[in-house]
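Visitor: Listed below, chain by chain, are the residues.
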Amino acid sequence: MAEDTDPNAPWITFAGIAPAAITAALFVWFLGHAPTIAAGGSIRWAWDWIPSLQVTLSFWLDGLSLMFALLITGIGALVMLYAARYLAGHKQFARFALYLFLFMLSMLGLVLADNLIALFVFWELTTFTSYLLIGFSHADPKSRRNALQALLLTAAGGLALLAGFILLGLTQGTFEISVLNAGGSLAGSAWYLPILILVLLGAFTKSAQVPFHFWLPNAMAAPTPVSAYLHSATMVKAGIYLLARMHPSLSGSEVWLWTLTLFGGVTTVFASIMALRQIDLKQTLAYTTLMALGTLTMLLGGSSGYAITGAMAFLFVHSLYKAALFLTIGLVDHATGTRDADVLGGLARVMPITALAAALAALSMAGIPPFLGFIAKEVAYSGATGSPLWPLVILLALAANALMVAVAAIVAWRPFFGPQGRLPRVPHEGPWAMLLGPVILAVLGLAFGLLPGLAALIIEPAVNAVMGTPDTGGRLKLWAGFNLPLLLSVVTLALGAVLYLRHQTLRERIARLEARGPDFDAGWDRLLEHFMAVAKGQTRIIQTGRLRDYMFVTFGVLLAAIVSGLLARNVGGLELALAGLSVREWGVAGLIVAGTVATLLTSSRVTAIVALGVVGIGVALIFIIYSAPDVAITQLLVELLIVVLFAVAALKLPMLDREGVQRHRPLDAVLAVGVGAATTVVLMLVTQAPFDRRLTEFFEASSYPDAHGRNIVNVILVDFRTLDTFGEIAVVVVAALGAYALLKGGRSLVRRSGDAAEEENK
Amino acid sequence: MSWLLVFPIAIPFATAVLAYLWRNGAEGKWISLAGSIGSLIASGLLMSAVLREGVIAGQMSNWDAPFGITLVADYLSAVMVVITAITGLATAIYAMGEIEARLERLGYHALFQVLIAGVTGAFLTGDLFNLYVWFEVMLIASFGLLVLGGSKAQLDAGIKYVALNLISTLVFLSGIGLLYGLTGTLNMADLRGAVAAVENQGLVTVIAMMFMVGFGVKAAVFPLFFWLPASYHTPSFAVSAVFAGLLTKVGVYALMRMFTLVFVGDVGFTHEILIWVSVLTMVTGVLGAAAQTDFRKILSFHIISQIGYMTLGLALFTPLALMGGVFYLVHHIIVKANLFLVAGVAQKLTGDTDLNRIGGLYKSSPWLAALFIVPAFSLAGFPPLSGFWAKYLIVMASIELQAWVITFFALLVGLLTIFSMTKIWGMAFWKPHPDGIEPVPERIPAAVRIPMMIPIVGLAAMTVGIGLFPEPFVQFAEVSAAQLLSPTDYVDTVLGVRGMAP
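Note that the protein sequences, when read in sequence, are chains D and G. Be aware that the first sequence starts at 1, since it is given in the numbering used here, and climbs by one per residue. Be aware that the second sequence starts at 1, since it is given in the numbering used here, and climbs by one per residue.
The set of hints was computed from the structure by calculation and includes no laboratory data. It is possible that part of the hints are untrue.
[Said to hold, decoys possible] Negatives, chain D to chain G, calculated, CB over 12 Å: (1) ALA433; (2) GLY481; (3) VAL681.
[What the hints assert, rightly or not] Computed footprint of chain G on chain D, listed as stretches where at least three residues anywhere in the stretch have a Cβ under 8 Å from a Cβ of chain G: (4) 136 to 145; (5) 159 to 167; (6) 372 to 378; (7) 555 to 566; (8) 690 to 699; (9) 712 to 722.
The beta-carbon is built from N, C-alpha and C at its ideal position, and this holds for glycine as well.
Working from the sequences, and respecting the hints, build out all of it.
Guide: So, in structure tokens, the structure goes:
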């Protein structure tokens, strides 16, 4: 990457500033709508995109989409500014800025879309732009691999989602989400379960729930601004958004409750343990994101006002502090050249502003009052206590939150206030463009905590949108009295402190545990290997490169097709009217059969060709018998010509490869006889029925009077069916041109007949 | 009126003659270009007439159907003719850059124009034997183009190609003979009534199976597709783009025509078989692609896989499915031809098509990378590109029929298509060149590069355009499907019941 960067290039460029400026303008625009939305209003805009398919490009700005839109544009603008400085002078920065900007637009479209198909279009666009961004360091094989992994996994979920959406639209008669949601829960529908499973597959892959989680830590191969923005604050929350968006229609069943609680719970605990195990701080943060996604899923499994408020508040605050933390890690990385948790320490002296931002964000993350993180955690605990599965949910949430406290200390305490190791570079404070984002985001976590009413303006309309009915509100309070959630908070902090103090020993133990547990990432590689083995195996079997195999299969298929039709359908009986044949006809038939047998048995090319000529003459005799002398003459001439030409050519050709041919002979013979017999049977069945002579009669009647020709065949060729003749003349001419070109241009044509066969698979 | 039907066939033939006469100079390519533009105008006029008046028929040599040969254009035929002309023009421009003088002197442009004429004829004819003639024209012209370079790989490919396609035409011809024996007519519109009137319907089914095999080879369905991966990676890139875009589609078109117009008496048997043939085609094709490491071989196997989607649209036999099939057909021609054209530029820049031996295109040729992404992700069915809507229609049709297994495979194959498109992307574009070459566009002289890039840009723009504004195309496909499913207009127009004003 280093050689791709020009250190002297200015960072204030069009590609650096324009995306951030536009995104900031969008943020202001959305913010302007906040009062309307907070007052219970909503804005809808629709354009008939594909009316034939009920696909509208409809956008719906309500509480939920507004909260997401504010996060996307607000964090987006800060991240883009940060990125302009972070990647200043990088040769491919313009592309990067373009992808990031396109991603922002796609993500906006995703959360604003009111039509299922339109939502899906944006959903896939986020997948695609994410692919380009993860693979940004494209020279590194690991980047490419991880980008592909994320793409395939989320695209697989996306396809399930598409099927779910189509099923939803077809069975409910509408693709508009607002209409669907207005209809209430679909839990009673016969199609509920398949729809739910398909939609959840999409949401769970996108939001990295276990067992689809492993792509997310790998996606950290992307530059840090991407990790902060896509893989923490926005895109990975698309699945969560979908669960929230579809909550009114899809929740309200035991399946919903259990599935979300279990998947979310397992993800959250697994991720918090794994977060402790990481040494690279960026990986630590990646796993804490995973943990947050699990918690959100778990909370959305509930339907109470507390659960949903907890989910929305946590979603909001997580985006703020997690983006801030990622950005500070980026600052640290930028300044020191490492993200190793064991090496970093004591940076607060040289990087005071970074340290402040990190500390504020981490306090919010740990859920310390008076930060918004504390309020969110309290409400979430309240939601957990009200859950039908409360013992399970509380236990899972408690474990995860305690681990989160420990992780907050690891990422924000140690690097800045802990003991310092040997750093690759002499650290310095970051430039303002990179400090602005983390500082604003971190301070917001504190400000919203002190003024929860302000946060409620954004969070409560979102809650109402998810609930489908207006919630009572007023749940976001800094002080809710002495209650169970407060007690749980205290326990959480205490547990967290213990965990932090012992985190290095814990890390080693977890590492040992991990080594024995299932490795999803390696499993992925094995899956791809197996897939490749199957693909290669089947292709080797099918596409052998030998013409003989191809012809054998093709004729075999023909035989199977005819026989299947003959057997499956009633075609009537075969009447053999052999008695009516004259000696002359028997004679010709005998000649043809003899010619065929001779062709097959001879080992000399010339003999074979002459014998084949005998067959042709037999056919010509048939024409004579059935009084078509002109056709017979044509046939004779062609046959003679072919025999002569072939005989000349055969002299130059090598001897036949007897052994190669002999090996397949019995099988070939069976197939040949089969195809011949089957075709003959069909032909005899056809001729049994009386022939419709409409055309023949017309030609007989009009050849002379209308077409002025006495010879009907000639008239057919040059008048009734001129176009055929024209086409055939073209064929002959082109054949001649082609042969001429080959003789003139082609070098050695066919030296040895054997080696050409293997050319294909070279 | 009938001139509108004749021009799209006559212009490329005339162009071929002129191009052959001037094959030794620089005039050849310009003649070919002018002819291709002429074809496009003629096909556009035909299309506008069809849009205005519905099905159009013309009785050649002025003999009424079913006694003479009828040319006929309904929505499907018209759009196939237009898309053929577009592909023809795109590759004619491309050839101005790619094709060397040596091949031009051997008659490259003439062969190319004859191929276009054959393809167009096949789409326009309303006569079964005449369709066979056009198949022959196509076969001989394509064989000529395939072996024109005279390399050993090309000859090997040519022999396999021609041998297997000859079997196909042989089976097709036998089918024609049998069907004629059974009904006494060759006119396809006339055959609809005549076949329905046949007493021995079991025998009709047997003959229908023969047609399925004959056209199946042409369309490259499982397990009859061997000729395609054996040959498509060998000729010049312009040729392989035309082949990839058009040749198999003639087979698909023929299947669509015959199995909606004529062979509809035993849908439970013939179309049910075709469903599973389609699914196997989709799966084996995409697995074949995954196993390759050559740019063009991957693309070749993907043709097969995508053919499965189109025949699936026919086989499911609902209005929505056929609509999807038609939409797929048009989308795929544009996208597939373009991918082969991109492969040609990539080969010129990096020196090879073996993905292990090339790379670095993303860094050095970002525009080419963008122009690859569009058709590649369209092929993979990514929204909002044309391929997404094509896939969407087919998947929706399968879901509508509650055909879950088919839905599953249609979606799975989409995913695997992403896999091999990103394989090309990863190895040819993202990965640095193993020899450290910087494949900057300037490695190709401008006189070669510009004609090669123009059609790539044009076709990519069409892919994006169809993707962003699919409504008119969806509507068109809807009418096409309706015409196919109830071809009353088609039959009446051809047989002179309707619109035969002198």
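Visitor: Each hint should be assessed against the structure and marked as holding or not.
Guide: Taking the hints in turn, this is what the structure says about them:
no. : hint       : in the structure
1   : ALA433     : holds, 26 Å
2   : GLY481     : holds, 50 Å
3   : VAL681     : violated, 9 Å
4   : 136 to 145 : holds (count 4)
5   : 159 to 167 : holds (count 6)
6   : 372 to 378 : violated (count 0)
7   : 555 to 566 : holds (count 8)
8   : 690 to 699 : holds (count 8)
9   : 712 to 722 : holds (count 4)
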